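Colleague: Here is what each chain is made of, one letter per residue.
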Amino acid sequence: MLLKYSFKTAFNGLKSHKSRSALTILGIVIGITAVMMVMSLGEGMQSLILNEIQGQMGSRVIEVAPGGQPKGPTDFLSMFSDSLKQKDLEALTRKSNVPYADEIMPLVFGSESIAYGSETYRATLYGMTDAASRLYNIRPGKGRFLTDEDVKNYADVVVIGSEVKEDLFSNDEAIGQKVKIKGKNFKIIGILEKKGQGLIGYDETVIIPYTTAQRYVLGIKYFNHIIVEADSEKNVLQTVEDIEITMRNSHNIQSSDKDDFHVQSQADAMKMVSTITGIITLFLAAVAAISLLVGGVGIMNIMLVAVTERTREIGLRKALGATDKDILTQFILEAVLLTAMGGLIGIILGTTFSFLASIILSKLVSLGWQFTFPFVGASAGLGVSALVGLIFGIYPARQASLKSPIEALRYE
Amino acid sequence: MSLIEVKNLEKIYQNEGVSTPALRDVTFNIEKGEFVSIMGPSGSGKSTLLHILGFLDEHTRGEYRFKGKTIKDYSGEELAHLRNKEMGFIFQMFNLLPRISVLENVKLPLIYSGVKEALWNDISLKAIEAVGLSHRINHESSQLSGGEKQRVVIARALINNPQVIFADEPTGNLDSESGKTIMEILQKLNEETGHTIVLITHETYTAEHAQRIIRFIDGKIESDRRVEHRLKAQDHFRK
Numbered sequence: 001m002l003l004k005y006s007f008k009t010a011f012n013g014l015k016s017h018k019s020r021s022a023l024t025i026l027g028i029v030i031g032i033t034a035v036m037m038v039m040s041l042g043e044g045m046q047s048l049i050l051n052e053i054q055g056q057m058g059s060r061v062i063e064v065a066p067g068g069q070p071k072g073p074t075d076f077l078s079m080f081s082d083s084l085k086q087k088d089l090e091a092l093t094r095k096s097n098v099p100y101a102d103e104i105m106p107l108v109f110g111s112e113s114i115a116y117g118s119e120t121y122r123a124t125l126y127g128m129t130d131a132a133s134r135l136y137n138i139r140p141g142k143g144r145f146l147t148d149e150d151v152k153n154y155a156d157v158v159v160i161g162s163e164v165k166e167d168l169f170s171n172d173e174a175i176g177q178k179v180k181i182k183g184k185n186f187k188i189i190g191i192l193e194k195k196g197q198g199l200i201g202y203d204e205t206v207i208i209p210y211t212t213a214q215r216y217v218l219g220i221k222y223f224n225h226i227i228v229e230a231d232s233e234k235n236v237l238q239t240v241e242d243i244e245i246t247m248r249n250s251h252n253i254q255s256s257d258k259d260d261f262h263v264q265s266q267a268d269a270m271k272m273v274s275t276i277t278g279i280i281t282l283f284l285a286a287v288a289a290i291s292l293l294v295g296g297v298g299i300m301n302i303m304l305v306a307v308t309e310r311t312r313e314i315g316l317r318k319a320l321g322a323t324d325k326d327i328l329t330q331f332i333l334e335a336v337l338l339t340a341m342g343g344l345i346g347i348i349l350g351t352t353f354s355f356l357a358s359i360i361l362s363k364l365v366s367l368g369w370q371f372t373f374p375f376v377g378a379s380a381g382l383g384v385s386a387l388v389g390l391i392f393g394i395y396p397a398r399q400a401s402l403k404s405p406i407e408a409l410r411y412e
Numbered sequence: 001m002s003l004i005e006v007k008n009l010e011k012i013y014q015n016e017g018v019s020t021p022a023l024r025d026v027t028f029n030i031e032k033g034e035f036v037s038i039m040g041p042s043g044s045g046k047s048t049l050l051h052i053l054g055f056l057d058e059h060t061r062g063e064y065r066f067k068g069k070t071i072k073d074y075s076g077e078e079l080a081h082l083r084n085k086e087m088g089f090i091f092q093m094f095n096l097l098p099r100i101s102v103l104e105n106v107k108l109p110l111i112y113s114g115v116k117e118a119l120w121n122d123i124s125l126k127a128i129e130a131v132g133l134s135h136r137i138n139h140e141s142s143q144l145s146g147g148e149k150q151r152v153v154i155a156r157a158l159i160n161n162p163q164v165i166f167a168d169e170p171t172g173n174l175d176s177e178s179g180k181t182i183m184e185i186l187q188k189l190n191e192e193t194g195h196t197i198v199l200i201t202h203e204t205y206t207a208e209h210a211q212r213i214i215r216f217i218d219g220k221i222e223s224d225r226r227v228e229h230r231l232k233a234q235d236h237f238r239k
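Going line by line, the protein sequences match chains A and B. With our numbering, you'll find the first sequence wraps up at 412, consecutive numbering, no jumps. With our numbering, you'll find the second sequence wraps up at 239, consecutive numbering, no jumps.
Note that these hints are calculated values from the structure, not bench results. The structure displayed is predicted, hence computed values, not measured ones. Just so it is clear, CB atoms sit at the ideal spot from N, CA and C, and this is done for glycine as well. Where hints are given, some of them may not hold.
As the list claims (entries may be wrong) - Pair by pair, the computed Cβ-Cβ distance ranges are:
1) Q143/B to L3/A: 40 to 50 angstroms
2) T27/B to L26/A: 38 to 48 angstroms
3) N301/A to I71/B: 48 to 58 angstroms
4) S142/B to F11/A: 17 to 27 angstroms
5) G278/A to Q143/B: 57 to 67 angstroms
6) F11/A to A118/B: 39 to 49 angstroms
7) G278/A to E77/B: 27 to 37 angstroms
8) S19/A to D218/B: 44 to 54 angstroms
9) I348/A to S142/B: 31 to 41 angstroms
Full structure from sequences and hints, please.
Modeller: Structure, rendered in structure tokens:
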């Protein structure tokens with residue numbers, strides 16, 4: 001039997017039970033819609049985070065962090081170890097060690113309360129240098145940023161985020177006022193420009209010289225990170241290598257697998273984020289795909305009913321010369337056509353919903369959320385739904401093909 | 001060699017341990033080009049016989065040869081092909097597919113025949129013309145009268161120009177006028193195009209349109225005789 005005619009026959013079979021066919025594929029439609037949405041939103045989330053990284057961490061920025069290259073979730077704990085010391089900073093600063101380094105900045109951070117009068121604000125405190133302004137593209141909207149002098153002199157000055165300012169001072173003048181951090185008075189010298197929400201909420205941070213932070217606030221002698229900026233993008237790889245060698249010399253480490261630090265460039269960070277969001281998306285899509293299984297069982301159920309209902313038709317076709325294979329093909333095609341249609345509708349719905357979601361998300365949280373059409377999800381969705389039809393259609397179709405023509409013709 | 005050779009044929013239905021004989025020691029031959037009526041009251045085994053002759057069912061004992069070969073000589077696919085090419089079936093209950101047109105219904109055997117698709121329409125239209133339904137080709141089968149339905153079924157049975165047409169009570173559900181039209185078509189097929197026709201009926205009147213009547217009672221042949229005053233459907237029709 002011609003395949004084209006098989007399609008026509010199968011299509012007619014479905015058309016004659018429109019509402020039943022529609023209800024049957026509902027499960028598949030919902031499943032594919034869910035998968036599509038998860039994948040589209042997942043991709044949107046990924047590109048959002050990647051854009052943030054690109055925007056906030058220049059492509060020439062290299063981060064030296066304590067602890068070896070994290071290989072599992074528990075390794076992230078070593079991020080808080082104390083292996084980055086003053087001597088490392090000095091070694092890295094030497095031109096002969098890292099010739100292409102443009103800027104080098106130690107970084108310390110912690111969560112601290114900042115108090116003004118009776119008001120307090122829990123903020124993320126960063127200990128930085130004047131270089132932070134250039135490295136992270138953060139500028140004071142009012143007043144000034146930290147200077148080299150502030151760092152050298154352990155100055156008790158603070159630059160605050162716009163959110164911190166609003167919370168503590170509302171509309172009053174903040175520059176020149178004194179706030180208390182860890183019982184020590186700090187003079188506000190600058191207020192950061194409002195940046196809006198992002199990966200790092202600069203609006204909710206306070207920035208003080210790292211020297212002051214180490215000695216008076218955090219009480220530590222190590223750094224949480226050392227930030228190095230290469231002089232050009234093409235020298236990033238070389239600089240990463242130079243940093244690693246310098247650090248190993250400074251720590252007397254012979255081989256790279258004994259490293260108590262790791263070096264990360266923007267490319268590495270982006271790769272890591274891609275991997276993580278990719279896994280999350282895949283996991284969520286897999287959960288959504290369970291509904292496809294449920295949909296498949298529904299298809300099988302209805303196909304079995306259809307086979308019983310159309311027993312006479314099967315008998316007639318066999319009496320007129322249809323082989324078992326012809327009947328098998330007809331019913332499998334019906335199931336596949338049914339689920340593929342469900343898949344198609346699901347793709348359309350999923351795309352529409354995730355498009356709407358992307359509009360709402362970008363309006364609601366003022367994120368630079370972009371809609372992405374998940375081509376992989378769409379083609380996989382169509383393929384999977386057809387496969388579901390094939391798998392769950394085989395059993396009913398086989399039942400149909402095995403009917404004896406005479407039993408089938410006699411069936412009332 | 002006869003077209004149909006039946007020798008000591010037996011059919012026993014097994015149902016939950018109870019065996020019911022449907023055909024007992026049946027022997028007869030049908031030659032190519034013959035028009036034979038198989039008569040008998042209901043339960044006499046005539047439908048069972050027709051199913052066995054049409055290779056739709058298997059017999060229990062004895063022998064049935066179609067063109068010299070038994071059902072065991074064919075594979076499942078070959079049997080389907082044989083039913084498609086060499087046999088035409090006409091059922092009492094019509095067995096048309098609802099919701100598709102007359103043309104599509106008549107076309108049905110062609111789909112399974114290996115005939116080129118480009119020819120399907122022409123062949124189907126000719127067959128529909130032969131039963132006088134050209135004005136109904138695009139009607140759905142549910143919109144037709146019983147007589148018209150049965151003519152569609154005949155067109156469908158003829159479409160692959162089979163050797164033999166098996167008709168199971170073709171006039172059973174029709175008024176006498178429509179019944180006569182059907183019998184006229186069957187006689188014409190037999191006389192003008194040489195189709196072998198095996199007709200099952202319980203009405204003597206219908207049976208006498210054939211050249212020969214085999215009468216069944218309780219699964220056995222009671223009589224096998226030639227029809228002396230054969231009825232001509234055409235004559236009745238003219239009157």
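Colleague: With respect to the beta-carbon atoms only, verify the hint that G278/A and Q143/B lie 57 to 67 angstroms apart.
Modeller: 59 angstroms, holds
Colleague: Hint says 39 to 49 angstroms; check whether the CB-CB distance for F11/A and A118/B agrees.
Modeller: 21 angstroms, violated
Colleague: For the hint 48 to 58 angstroms, verify it against the beta carbon of N301/A and that of I71/B.
Modeller: 36 angstroms, violated
Colleague: Between the beta carbons of G278/A and E77/B, is the distance compatible with 27 to 37 angstroms?
Modeller: Hint violated: Cβ distance 50 angstroms, outside 27 to 37 angstroms.
Colleague: At the C-beta level, are S19/A and D218/B separated by a distance inside 44 to 54 angstroms?
Modeller: Holds, at about 50 angstroms.
Colleague: Evaluate the given range 40 to 50 angstroms for the C-beta pair formed by Q143/B and L3/A.
Modeller: 30 angstroms, violated
Colleague: Between the beta carbons of S142/B and F11/A, is the distance compatible with 17 to 27 angstroms?
Modeller: Given range 17 to 27 angstroms: holds, Cβ gap about 19 angstroms.
Colleague: Confirm or reject the claim that T27/B and L26/A have a C-beta distance inside 38 to 48 angstroms.
Modeller: 60 angstroms, violated
Colleague: Can you tell me whether the CB distance of I348/A to S142/B sits inside 31 to 41 angstroms?
Modeller: Hint holds: Cβ distance 35 angstroms, inside 31 to 41 angstroms.
Hints 1, 2, 3, 6 and 7 from the list above are not met by this structure, while the remaining hints are.
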